[in-house]
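Listed below, chain by chain, are the residues.
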Amino acid sequence: MAIPLIEFKNVTKRFGTKTVLDRVNLQIYEGEVTTIIGLSGSGKSVLLKQMIGLMKPEEGTILFRGKPLSEMKKKEIIASFAQMSYMFQDNALFDSMTVYENVALPLVETTNLGKAEIDRRVLARIEQTELGDAVHKYPSELSGGMQKRVALARALITDPRIVLFDEPTSGQDPVRKNAILTMIAQYQRKFGFTAILVSHEIPDVYFISNRILALYDRQIVFQGTPEELENFDHPFKDEVIYSLEALQKELSGLYSKRQFEILNRVQMKRKEMGEKYCVIIFALEELNEIIAKLGHDAAQEAIHAMGLYVDKHFGSLGGFSTRNRLNEFITMVPYSELADIQVVLQDFIKDFQEKGNNEIWALYRKLVPLGQCVDLSILAGVAQGRPFDEIDSVIESARSQQKEIGRLRCIERRREKR
Amino acid sequence: MAINETRQNRLENEKKQQEDILLLRPFTLIGRSVINGVNHLGAATIFLCLAITKIFGRKQLFKTLQQVYYIGARSMTIIMLVSLFTGMVLGLQSYHALVKFGAQGAVGSLVSLSLIMELGPVLTAIMITARAGSAIAAEIGIQRISEQIDALHTMQINPLQYLVSPKITAAFISFPLLTAVFDLVGIIGGYISGVILLGLNAGVYTHSVKAYVEISDITNGFTKAIVFALIVSTVCCYQGYFAHMRTDGRGAKAVGLATTSAVVISCVLILVSDYIVTSLLM
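So the sequence lines, in the order shown, correspond to chains F and X. Heads up: the first sequence is residues 1 to 418, going by this note's numbering. Heads up: the second sequence is residues 419 to 700, going by this note's numbering.
Because the hints were derived from the structure by calculation, they are not lab data. Computed from a predicted structure; not experimentally measured. A hint or two may mislead.
Chain F regions said to be covered by chain X (calculated; three or more residues, Cβ under 8 Å) [unchecked claim]:
| hint | segment |
| --- | --- |
| 1 | 50-60 |
| 2 | 75-82 |
| 3 | 85-93 |
Every residue, glycine too, gets a C-beta built ideally from N, C-alpha and C.
With the hints as extra help, turn the sequences into a complete structure.
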């Protein structure tokens with residue numbers, strides 16, 4: 001077993017007489033995205049602040065690459081923390097500095113780089129985080145989402161090995177929340193840092209997380225993959241996950257993966273053996289290109305619109321859907337035949353191409369410079385299953401049959417001028 | 419019967435204990451305040467020492483110059499205004515007092531010595547406290563409660579080096595310079611009221627300034643200015659830096675209280691230290 005990057009051994013943190021963390025044990029591994037979930041005020045931020053040395057535990061040991069911080073020399077501690085970056089819940093931007101100055105600050109103060117090199121790095125990071133128009137603006141002149149992106153750009157400017165995100169999506173609307181999570185996942189893959197998140201966004205964080213840590217009643221009650229969390233039996237699930245998932249359904253109209261599976265099981269039990277159902281796997285193929293050219297918000301708009309249209313057409317047949325990967329949806333339609341689904345699929349793609357396309361591009365027109373248009377390919381694969389079939393094998397079968405069923409043509413800005 | 423007696427004894431004991439507590443309360447409060455005061459004094463001293471060790475850190479020059487502009491140059495107008503009227507009032511009062519003894523020729527020396535040795539350093543320090551000290555406490559306090567100082571920690575930037583040291587250095591530079599301006603403009607104010615408005619001989623006024631003011635008087639005045647710079651910059655930065663640890667308020671209220679404390683404590687310490695320094699220099 002690899003040595004954990006960060007390990008807590010019986011860590012206790014108190015504020016006066018109040019114990020916030022009680023003998024917490026956890027391991028965080030290098031190169032992974034680890035998300036700490038828990039209710040508000042349960043001590044998630046305190047946990048994160050102890051990792052970067054902003055708070056010290058009353059009892060217990062924090063180990064960095066297997067070595068206790070308490071036994072390290074001051075230089076070693078500084079070197080360890082220098083590999084980390086922290087994105088604050090409320091951004092903690094310097095309000096008397098412009099976006100450029102905020103992002104450049106760590107380079108200006110901690111490196112000997114020349115002005116030209118700092119300019120190059122800062123402007124590149126600003127472009128990557130889609131803040132090109134806000135370089136000379138102050139944080140108070142930016143929206144909440146843009147401020148988050150400035151904080152993210154500042155956290156990544158020194159190319160850290162470990163990035164700690166304290167509620168990176170707090171105060172954002174559902175579309176932007178997913179855009180920020182997508183952005184974190186994309187940067188994590190691109191730059192290869194270890195990401196440690198504190199988040200409420202269940203189940204959205206499951207898509208980007210390798211490991212989940214559940215903080216409940218002052219202790220870490222679960223450590224494992226999102227899939228392992230599905231089978232975890234603990235009061236934490238009732239109190240935290242179920243309530244957050246109910247909220248998620250209310251906000252997006254889509255079910256979480258876990259709800260999807262439960263619904264599937266219930267539907268199957270209701271039927272007699274031998275009755276069929278269909279599984280459809282949808283995917284948006286050029287999502288990465290959209291992110292690269294138009295940004296995460298634009299990509300999120302496409303996913304959101306797609307989710308709404310899938311639900312509109314297949315929901316009326318008793319179908320239910322979940323988002324499986326960043327660009328993939330699974331829809332299950334009970335009591336259905338392949339031929340019926342193919343007809344509905346035709347209707348869906350026609351409707352989505354006519355109305356959905358206009359809706360998406362109406363939102364994009366402000367963002368799309370001439371010549372930067374990206375067409376979106378919609379892939380779909382259908383497979384039929386029976387109640388005794390493993391749902392995973394039916395999903396895999398549908399995925400293997402995926403093919404392009406339609407394209408959302410980009411509407412250039414000049415068309416709007418006509 | 420026995421139970422009743424025991425209960426009565428217990429009640430009497432409790433009453434006596436409460437009376438004792440009431441009698442001891444003032445001492446408890448005084449003791450607590452003294453312990454608090456000593457704690458803060460110790461913490462502020464360590465804070466100052468740590469900040470001073472970072473004064474010559476890398477890239478400090480530009481930040482220090484910015485603070486000199488903010489604390490020093492931008493305080494110039496108010497310092498000149500206050501010193502002009504202080505000098506004029508001093509000239510007016512001293513003329514009317516000295517004319518009774520036929521010693522109006524000493525107006526120049528009285529005005530200049532009062533300003534250089536006492537009023538210049540003290541009033542300059544108080545004016546800078548009101549103008550820049552309060553702003554320093556509020557600025558650092560807001561940076562503390564909005565986690566900007568924590569953000570500096572996470573970026574491996576020493577907050578004392580980044581925020582506090584340039585302000586302390588700038589105070590060391592600005593206070594004596596502004597005191598010199600105060601003294602000069604104050605003497606001109608005394609000239610306006612004594613010579614131009616009251617008809618005193620100009621030569622007599624300037625001669626009395628030159629004849630009685632010694633270089634030691636000027637260095638004593640500057641010594642005071644440096645001591646006040648140390649006090650004001652430390653108190654204001656310290657109050658802002660630890661605004662989040664106040665027990666009497668949180669958030670914006672804590673910043674407000676920190677700013678008030680910074681101004682009040684600085685002014686009191688200016689006057690107390692003025693007496694101590696004067697008695698040591700005499």
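Would you say the segment 75-82 of chain F counts as covered by chain X, given the rule of at least 3 residues with C-beta under 8 Å?
Contact hint for the segment 75-82 of chain F vs chain X: holds, 3 residues under 8 Å.
Verdict on chain X covering the segment 50-60 of chain F, where coverage means 3 or more residues with a C-beta closer than 8 Å
holds (count 3)
If you look at each residue in the segment 85-93 of chain F, do at least three have a Cβ nearer than 8 Å to any Cβ of chain X?
Check passed, 6 qualifying residues.
No hint from the list above goes unmet by this structure.
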